[in-house]
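Model the full assembly from the supplied sequences, consistent with the hints where possible.
Chains A and B are the protein sequences, given in the same order. So the first sequence is numbered by this note's numbering: it starts at 1 and just counts up by one. So the second sequence is numbered by this note's numbering: it starts at 1001 and just counts up by one.
Since the hints were made in silico from the structure, they are not lab data. Each hint should be verified, as a subset may be incorrect.
Pairs of lysine-lysine residues, derived as BS3-like cross-links and limited to a Cα-Cα distance of at most 30 angstroms, are as follows [what the hints assert, rightly or not]:
#1 B:K1003 with B:K1104
#2 B:K1104 with B:K1070
#3 B:K1038 with B:K1003
#4 A:K14 with B:K1003
#5 A:K71 with A:K57
#6 A:K57 with B:K1016
#7 B:K1038 with A:K71
#8 A:K9 with B:K1016
#9 B:K1003 with A:K57
#10 B:K1038 with A:K57
#11 B:K1003 with A:K71
#12 B:K1104 with A:K9
#13 B:K1070 with B:K1003
#14 A:K57 with B:K1104
#15 A:K57 with A:K9
Note that the structure is predicted; figures quoted are calculated from it, not measured.
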Amino acid sequence: NAGVTQTPKFQVLKTGQSMTLQCAQDMNHNSMYWYRQDPGMGLRLIYYSASEGTTDKGEVPNGYNVSRLNKREFSLRLESAAPSQTSVYFCASSYDRAEAFFGQGTRLTVV
Amino acid sequence: AQKVTQAQTEISVVEKEDVTLDCVYETRDTTYYLFWYKQPPSGELVFLIRRNSFDEQNEISGRYSWNFQKSTSSFNFTITASQVVDSAVYFCALEGNNRLAFGKGNQVVVIP
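Structure representation (structure tokens):
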């Protein structure tokens, strides 16, 4: 069982470049989440999806877009990366308000 | 809006001491869930405990225990007889209306 798989694990972007972070879960979970983690800030919710076909903004959505492609996959896109988006990104999924399972994280640096 | 506050940032204890982590939450939801997660130095996030808003019974699981008090909106977590392996960041989280919000975390350092 892979659980929650995020790709890539590391990425360096130049300011203004775009990229998509991929996330897939194989646990048949309905809810999926994207967080960013910055020192001293904890985990801040960027976007979430309560079910296939729905997405909602979290606490810090500016500069990001998401797609819930199907029940398994939830991608996060940075259209024009900025240095302020340098962070560790975590994808997570959960079923029916149970505990969330997290991916290993993506360490993104924007220079 | 949901909010989770973990006031203490870093807590240092000597091995075998107990450590209690405070968590205060705000929500307008009548049904919600509370969680504690651990993030060791390796970086992964590990689920520890879950409690729903209707169940205020406090429990002990091994060296972990928690104290949920709805009247004060608090969900505190205690590690008994701490060990070096408990050194990690601990996050309190609140789920309501399909949103999962985290506090800023408590860095726990257990000194051998």
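A quick look at each hint next to the structure:
| no. | hint | in the structure |
| --- | --- | --- |
| 1 | B:K1003 with B:K1104 | 10 angstroms, holds |
| 2 | B:K1104 with B:K1070 | 21 angstroms, holds |
| 3 | B:K1038 with B:K1003 | 19 angstroms, holds |
| 4 | A:K14 with B:K1003 | 34 angstroms, violated |
| 5 | A:K71 with A:K57 | 18 angstroms, holds |
| 6 | A:K57 with B:K1016 | 43 angstroms, violated |
| 7 | B:K1038 with A:K71 | 27 angstroms, holds |
| 8 | A:K9 with B:K1016 | 36 angstroms, violated |
| 9 | B:K1003 with A:K57 | 15 angstroms, holds |
| 10 | B:K1038 with A:K57 | 25 angstroms, holds |
| 11 | B:K1003 with A:K71 | 28 angstroms, holds |
| 12 | B:K1104 with A:K9 | 23 angstroms, holds |
| 13 | B:K1070 with B:K1003 | 15 angstroms, holds |
| 14 | A:K57 with B:K1104 | 19 angstroms, holds |
| 15 | A:K57 with A:K9 | 24 angstroms, holds |
In this structure, the earlier hints numbered 4, 6 and 8 are contradicted, and the remaining ones agree with it.
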